[in-house]
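**Student:** If you're matching them up, the sequences are chains A and B in order.
Just so we're aligned, residue 16 is where the first sequence starts under the numbering used here, counting upward by one.
Just so we're aligned, residue 16 is where the second sequence starts under the numbering used here, counting upward by one.
Just so you know, these hints were derived from the structure itself, not from any lab.
Here the structure is a predicted model, which means the values were calculated and not measured.
Treat the hints with care, since some could be wrong.
For chains that are exact copies, the list does not tell them apart, and a pair is met inside one copy or across any two.
Stated by the list, open to error - Below, simulated DMTMM-like cross-link-like pairs (lysine to aspartate or glutamate); rule was C-alpha separation at most 20 Å, straight line:
1. K431 with D496
2. K513 with D239
3. K78 with E149
4. K431 with E442
5. K273 with E187
6. K174 with D204
7. K431 with E169
8. K326 with D193
9. K326 with E187
10. K455 with E510
11. K50 with E510
12. K513 with D486
13. K326 with D514
14. K494 with E97
15. K386 with E551
16. K78 with D496
17. K195 with E293
18. K174 with D304
19. K513 with D193
20. K50 with E623
21. K523 with E445
22. K455 with E445
23. K513 with E473
There are 2 protein chains.
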Amino acid sequence: MKTPTVLFFPDNVAVQVEPGTSLLTAASMAGIELKSNCGGGGTCGRCLVRVKDGRIRNISAGKIAAKARQAGLLLACQALVEGNVVVEIPRDSRLDEHVVLLGEKEILAEQDEELSGDYPFHPLCRQVQLTVSEPTLTGNASDLSRLETALRRELDCGKIHISLPLLRSLAEVLRRGDWKVTVTVAQLDGCADIVRLEPGHASQKSLGLAVDIGTTTVVLYLVDLLTGITLGKKGTYNKQARYGDDVISRIIHATERKGGLQDLHQAVINTVNQLISELFAQSQVSGEDVHMVLVAGNTTMTHLFLGLTPKYIRLEPYIPLVSAAPPVRAAELGLSVNPTAFVACFPSVASYVGGDIVSGTLLTNMAKSEKVTLFIDIGTNGEMVLGNRDWLVAAACSAGPAFEGGGITFGMRAMKGAIERVQIDPETFEVTVSTIGNMKPMGICGSGLIDCLAKLHEAGVIDRAGKLQTDIDTPRMRKGDDGFEFVLVFGDLTECGKDIVLTGSDIKNLLRAKGAIYAGIRCLLRAVQLEQEAIEKVIIAGGFGNFINIRDAVNIGLLPDLPAGKYSFIGNSSVKGARLALLSQEAYREAQNLGNSMTYLELSAGNEFMDEFVSALFLPHTDLSLFPTVAAKK
Amino acid sequence: MKTPTVLFFPDNVAVQVEPGTSLLTAASMAGIELKSNCGGGGTCGRCLVRVKDGRIRNISAGKIAAKARQAGLLLACQALVEGNVVVEIPRDSRLDEHVVLLGEKEILAEQDEELSGDYPFHPLCRQVQLTVSEPTLTGNASDLSRLETALRRELDCGKIHISLPLLRSLAEVLRRGDWKVTVTVAQLDGCADIVRLEPGHASQKSLGLAVDIGTTTVVLYLVDLLTGITLGKKGTYNKQARYGDDVISRIIHATERKGGLQDLHQAVINTVNQLISELFAQSQVSGEDVHMVLVAGNTTMTHLFLGLTPKYIRLEPYIPLVSAAPPVRAAELGLSVNPTAFVACFPSVASYVGGDIVSGTLLTNMAKSEKVTLFIDIGTNGEMVLGNRDWLVAAACSAGPAFEGGGITFGMRAMKGAIERVQIDPETFEVTVSTIGNMKPMGICGSGLIDCLAKLHEAGVIDRAGKLQTDIDTPRMRKGDDGFEFVLVFGDLTECGKDIVLTGSDIKNLLRAKGAIYAGIRCLLRAVQLEQEAIEKVIIAGGFGNFINIRDAVNIGLLPDLPAGKYSFIGNSSVKGARLALLSQEAYREAQNLGNSMTYLELSAGNEFMDEFVSALFLPHTDLSLFPTVAAKK
């Protein structure tokens, strides 16, 4: 039997695959990433494609909407290639990179602040132009000794390390440059590691990459280490998404599938390498000039990036293999930068409070402030740090992906076409929405969902327990496939032609998400025996954070009832903290300290969190005294 | 044209080679090492073979003795394969390993002293059996942190380093061993480098290799790092010999031939690997258990071992690429031991005073002694160190290979059949010789040559300038191909059937060799403004040193005229010093200090050495007041 060919339209890309390969895998081999959150299990219903011609075998129908089935669509993950196939990929099924980038760009642009004033400009990698003393019969120290002597005149450092390959080049480099040499040195821990040697006083170029590896997206900043200027920014979806939507499903894939760890490791390396090549093309720089890569990610992402098993993160008592991983060389990971470049990862605090939070905490500067600060990063997980320069306590609660659009019928990420604001007339129950980019609505993003919940409650569409009031008089309240639902936008006004609805189960998911975060905050406060009024500052991170309406978030009981002036947003604090540490050895050292000095509160130990969680499953809360301004409005 | 086959007899080994390959190279490919000192240049006349059948093309006759040519022999390096060839290799042309080993074994056996009492037993590599605390919900530090904590309880160390591959195995190793783990740790510079992780409390095994890389021979000791016991010793010829006899011809090969550096690097690695495999087979140990390799070699050998160019060692102002080379991993060099094992080289003092001398100086303990000590290693070069605990000054003089048998018509190394003692009747000029192993004489080794020179002068066969007295009445004095010569043994009594003679040019070479060494000693003394009587102790190293007759050496003016009681022998101090440092971190550190603290005297700078050298070209010296006991005998 000949190897079947799969041709994808409208891309017009063909790949040859073994019989029995799923169309999802075939698409990935063709460089086309499909939406898929369930790890190819047939349950998320997103990887919809249409087979135009050829033979496939369906393992199962999978969880697919009736309408989609009627439209001739099937799930790519459930369709196995049996012979040559022609496949059409609908626009909706694609992980459309350009949309993501646009979204990221808008977010990043708003927060393009300069390097934090608290740390000196003292990059992790320096380039020094040395003139090495010329040897004589009496001054006959070795080439390496003379290089070290010259380097120590320029640099305050402990031991100087040089690798065998660079050492092998030293004699000729020195002589070709007539005893002038440009040395690139990494300083991660007081030692000086030579990462590059160039003859003469070469035109200097030394770049670094700040990398945020999120479960869903990966963002890179290309930073000029000589000037501190950010030369470019890129973000895209983490290619690991096809193996599962959240860290737990990734860990399961890594540990239970043969080659699973390697799949995930390679997927994130490929993601970073793709961004690198795009950034380099755009900025016209060469990978050879990148000497330092600083990575911030949650604990599982950091493990997968380094190829370390995350297995025991998931199993009680939730033990990561490393918290402070040793720096490695780019060649060990196959990153498309200078092979001798250092790749360092931010330390994590615990299995569910990772380097991204350490990086964010660094950026907030809260560990140097007198003010009691609450730092929250709301993503798939809700991670939070409370404290000041004297103490820091951190926790994580699994809020679920609701605020990123996961588990919500019409949930989507904050990109063009996403509903972000909602008005509901309490008399007529008529709904007015506004979308990102003022486009036809495609779905609802996190900030829209928060707004929605607040407004539905205000208008009396749901009660304090989140229950849909099925007796209200509007065609928007109706019975759907999954019980009662409320129509936000009718199909004639939406991009996809379908009615955009919020179901009872969507609302339950949202309540659980907001309840988990608020319960986490309560547990942190109880751990340090403070009332919420003691919080002097709240800093919210995450792409989502920029669009959130604080008043709405307080109204639904997601965030504590504090004056709006105490709140501020910080954007993608993970990548920005990484940039900060790239540019300041002192900041890098502070990050190492933060990894050690935060007290981790394991919320799954004991009943406290569960009690708080149950109390928080109301709008805004069972205990209204915690939300005085909300209670006052009633 | 088909690839020609070369069949070697009596080995009965065949290899296929490209047309134009020399028989010397073909033999090497067949695993047969021929004697060859000139780098295949056709000038040393040693790689004699006989073509029994087939087509070869002779580039040139090369420098070949008339008798050899008459016997149908030709130089393998000058004979290029043109078709299938059958070649016979005479016994004399082989680098016969067994003979060498026997010789080495005898030497080693005499000096099998235990670890120097001055240093504590504190090996460079330790194996510790740890019980790592089992993680709990509250004691939830990472696997690596818990390993580090347990390790620090056992070990006094600074930073702990672990490589990415070992880190990747850590989670499973800990759990497979039920939180018991055996960790092998190298401690070279205060840090702890983890080189191996094994689950459970494995039966411990940790081995080290002490390696002496000489220009001519390579010697290995296999050392048990847990007990300090030496498990085995092996020595063989340095396979680099085919690229040249001395460091200068090796440097020329490395720098002027395409791929020359790689040739020499690979040749010495192959030599070490061959010894390793022989040692392992003999001792029934596995390469996996070798975690530390400590190498002592002269500066050029150290460079070639690490694959570093020795080019500038040869060119004024004689600059090595490194003096203290950083430790590397075995995998980087392709050594057949545990790939994560450390390979460290003794530092050198200068281009011609290398790690072998530092190792020897360590072994002599002179840097901790009050007594002014002179340490001399007589090999192809004469290297010497003078000093005590307050100061050390080192120098090297190119004595040439005469005392190793090089450049002497019947010179050979100290192995069975070598003449080592000579008696000459002053009346009849009859000669009585004794050989190593009491075999038929094959040639003269270094100690024999010294004895010979002394006795020839005593008997009046040569004058104080070394000139042969051609008018003496004996058939032993005759005119040969190269002018006058003196017959030591007639052919009817020798192994090869040829007369063993000493020519006028042999004697000149010997005078130059002894003169260079004595001049070096004089220069050292002048540099510190001491008279030779100030020397309280003379320690002589080198395989050669064990057989030398001190009285003879003083009589010819090779060594200073000091009481015999001040002299002692130390054997192969290079490999023994390496063993000492393997077993004691303090000794290893002391070696690092020695590399820095010795003052190097460059003898080629200024006229002093040349003046001393010219004065020393007499028997014993122009200035007889320097040799009072010799003068007194006259």
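**Student:** None of the hints should be skipped; say for each whether it holds.
**Tutor:** Right, here's what the structure says about each hint:
1. K431 with D496: Cα proximity of K431 and D496: none, with 28 Å in one copy and 99 Å across.
2. K513 with D239: neither (47 Å within a copy, 76 Å between copies)
3. K78 with E149: neither (74 Å within a copy, 42 Å between copies)
4. K431 with E442: Answer is neither: 30 Å inside a copy and 115 Å across each miss the 20 Å cutoff.
5. K273 with E187: between (47 Å within a copy, 16 Å between copies)
6. K174 with D204: both (10 Å within a copy, 10 Å between copies)
7. K431 with E169: neither (51 Å within a copy, 59 Å between copies)
8. K326 with D193: between (54 Å within a copy, 16 Å between copies)
9. K326 with E187: Answer is between: at 10 Å across copies they meet the 20 Å cutoff, but 48 Å inside does not.
10. K455 with E510: For K455 and E510, the Cα distance is within 20 Å only inside one copy (5 Å; across copies 104 Å).
11. K50 with E510: within (18 Å within a copy, 86 Å between copies)
12. K513 with D486: Result: close neither inside a copy nor across copies, 24 Å intra and 123 Å inter.
13. K326 with D514: neither (41 Å within a copy, 79 Å between copies)
14. K494 with E97: Neither way: K494 and E97 sit 41 Å apart in one copy and 94 Å across, limit 20 Å.
15. K386 with E551: Result: close within a single copy only, 6 Å intra versus 74 Å inter.
16. K78 with D496: Cα proximity of K78 and D496: one copy only (13 Å, versus 100 Å across).
17. K195 with E293: neither (34 Å within a copy, 47 Å between copies)
18. K174 with D304: Cα proximity of K174 and D304: none, with 24 Å in one copy and 29 Å across.
19. K513 with D193: neither (72 Å within a copy, 56 Å between copies)
20. K50 with E623: Neither: 37 Å inside a chain and 83 Å across chains, both beyond 20 Å.
21. K523 with E445: neither (22 Å within a copy, 115 Å between copies)
22. K455 with E445: within (17 Å within a copy, 118 Å between copies)
23. K513 with E473: neither (26 Å within a copy, 117 Å between copies)
Violated hints, listed in ascending order, are 1, 2, 3, 4, 7, 12, 13, 14, 17, 18, 19, 20, 21, 23; each of the other numbered hints is respected by the structure.
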